[in-house]
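K.L.:
Quick note, the sequences are listed as chains Y and C, same order.
The numbering used here numbers the first residue of the first sequence as 1 and each following residue consecutively.
The numbering used here numbers the first residue of the second sequence as 1001 and each following residue consecutively.
Simulated from the structure, these hints should not be mistaken for laboratory data.
None of these values were measured; they are calculated from a predicted model.
Virtual Cβ for every residue (Gly too), placed ideally from N, Cα, C.
Among the hints, a few may not be true.
Under 8 Å between C-beta atoms, here's a sample of chain Y residues computed to sit facing chain C [to be verified]: (1) Val39; (2) Leu41; (3) Ile42; (4) Thr62; (5) Ala63; (6) Pro66; (7) Gly68; (8) Lys97; (9) Val117; (10) Pro120; (11) Thr122; (12) Ala123; (13) Gly141; (14) Pro154; (15) Ile156.
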Amino acid sequence: MDITTPISDEAVSSLNVGDTITITGYILCGRDAVLPKIVKLIEEDRVDELGIELKGNVIFHTAVSPAGVGPTSSNKLEIESSIEPLSKAGVKLHLGKGRLSEKTIAALDKYNSLYAVIPPVTALLEDKTIERRVAAFPELGMEALHILKVDKYPAIIAAAHGRSIYD
Amino acid sequence: MTEIEYNRIVSLVSDTLVEAGSTFREDKKEAYRQAIKKEDNDNARWVLETILENAQAAEKNKSPLCDDTGIPHLVLEVGDNVSVSGRMLDAINEGVRQGLRKLPGRPMGIMGDDSQRLDQSGGLDPDSAGVAPAPVLLRRCSEDSIRLHVLMFGGGPAIRAKTYRVFHKHDTQTVLDEIVKWAVEGVSQLGCSPCTLAVGIGRSHFEAASMMLQAQADGRYDVQSEMEKQITDRVNAADIGPLGLHGKTSVLATFMKVGSQRASGVRIVCVRPTCCFEPRIAVVDLKEV
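Generate the whole structure from the sequences, applying the supplied hints.
P.N.:
This is how it looks when you write it as structure tokens:
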């Protein structure tokens, strides 16, 4: 199934664990260093200061560097703990790799959000990345919050509606 | 060493690092093709095919297989009637720096003093060449050559690797059982399977890790010992699969090196569940320079 951002609640509802998807449009990228900063802004009700719409958006757990992009482990403490507050703020798809906890899978379900795994295929993703720019926290370098415009990133739905592909 | 010889080594090492970061060896490609052929889980087969397709694209473009381009690890083999000078080591280090810029490597060197490098408060070096290589491992070889193996170590396997003691109870199977247990734990958390298990067994943590590194330099997918096969088969039976999505191929192969052992009830074992791209390795002979 081809998914275009921003992702609607209806699109989320129609997807199930094991579905192969492609993602097209603008997405956000962040990992260990920047995601806790975004969560802090959400908690302080200041996330609008970023000038970024989180509703319907995708967070790809990756650095963005001259080497390209590729998923880091989503079950690292600072990344996995961001999934619930970001979902609550409207993020509809968290893109990464690795098994998530039952608590996180329940939180995704609660806020009608999804988790998908993307193979770490940097050379292929490079051909599918149309634009890239820093969106916030430029001092973090490759770990800053980035915006990418992508064309048909491949992924598999790994958690949806309280179920996990790892079960 | 003349300036021409120095520059020739720099160029060779630079190209070798790019090859290590962008190219699957033929035996690895064949291991993937065989895994795809026998896989009956659709998601697992899709992942394996995508990884192989990525390898073809990276080789063609001479671009990184993975955005975590890794930390350079070097094994230098010194043969008969050759000598290694400090100037040669300088040329190798410069070759690594130039290779990292050419690949390009991910600029992930951390700047600052000891404390800043620990908490990452000193910031990142924007230069890809700011990623310093690990200390060079030197070993003897029988041929008349100076062979340099360049390996690129990613962060995911480093998180899941383990070096610890095993009480062997005078039974090899006890050691293998422990390796399988650690490997299943590590591969299930890796996220970037199928992996190649790199295993070193020695008398100290340093020696075990050194054996693990050499196992990757020497290992081949089409040459597997009985112990290596047993480890691979038992971890694959755990049904972790590519990217952890279940399936037959959690591990493509095991590369194990057993070093000298001490008279003791303890063996020091190092297990690194390398990712789907590792070992990212290439080798060059510097003798003719």
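K.L.:
Just to be careful: measuring from the Cβ of Val39 of chain Y to every Cβ in chain C, is the smallest value less than 8 Å?
P.N.:
Violated, about 18 Å.
K.L.:
Holds or violated: the hint that Lys97 of chain Y contacts chain C, with Cβ atoms closer than 8 Å.
P.N.:
4 Å, holds
K.L.:
Holds or violated: the hint that Pro154 of chain Y contacts chain C, with Cβ atoms closer than 8 Å.
P.N.:
6 Å, holds
K.L.:
Hint validation: Ile42 of chain Y versus chain C, beta carbon distance must be below 8 Å. Holds or violated?
P.N.:
Violated, about 23 Å.
K.L.:
Pro120 of chain Y was flagged as interface toward chain C. Is the shortest Cβ-Cβ separation under 8 Å?
P.N.:
5 Å, holds
K.L.:
Under 8 Å is the threshold here; is the Cβ of Gly68 of chain Y close enough to any Cβ of chain C for the hint to stand?
P.N.:
5 Å, holds
K.L.:
The hint names Ile156 of chain Y as touching chain C; please verify it with the least Cβ-Cβ distance against 8 Å.
P.N.:
OK, holds: Ile156 of chain Y within 8 Å of chain C, min 6 Å.
K.L.:
Double-check Ala123 of chain Y for me: the hint is only fine if its C-beta lies closer than 8 Å to a C-beta in chain C.
P.N.:
It holds, given that the least Cβ distance between Ala123 of chain Y and chain C is near 4 Å, below 8 Å.
K.L.:
Does the closest beta carbon of chain C sit nearer than 8 Å to the beta carbon of Ala63 of chain Y?
P.N.:
6 Å, holds
K.L.:
Min Cβ distance, Val117 of chain Y to chain C: is it shorter than 8 Å?
P.N.:
5 Å, holds
K.L.:
Would the stated hint for Gly141 of chain Y survive a check requiring a Cβ distance to chain C of less than 8 Å?
P.N.:
4 Å, holds
K.L.:
How about Pro66 of chain Y: closest beta carbon in chain C under 8 Å, or not?
P.N.:
With a closest approach of 4 Å, the Pro66 of chain Y hint holds.
Going through the hint list in order, the structure does not satisfy hints 1, 2 and 3.
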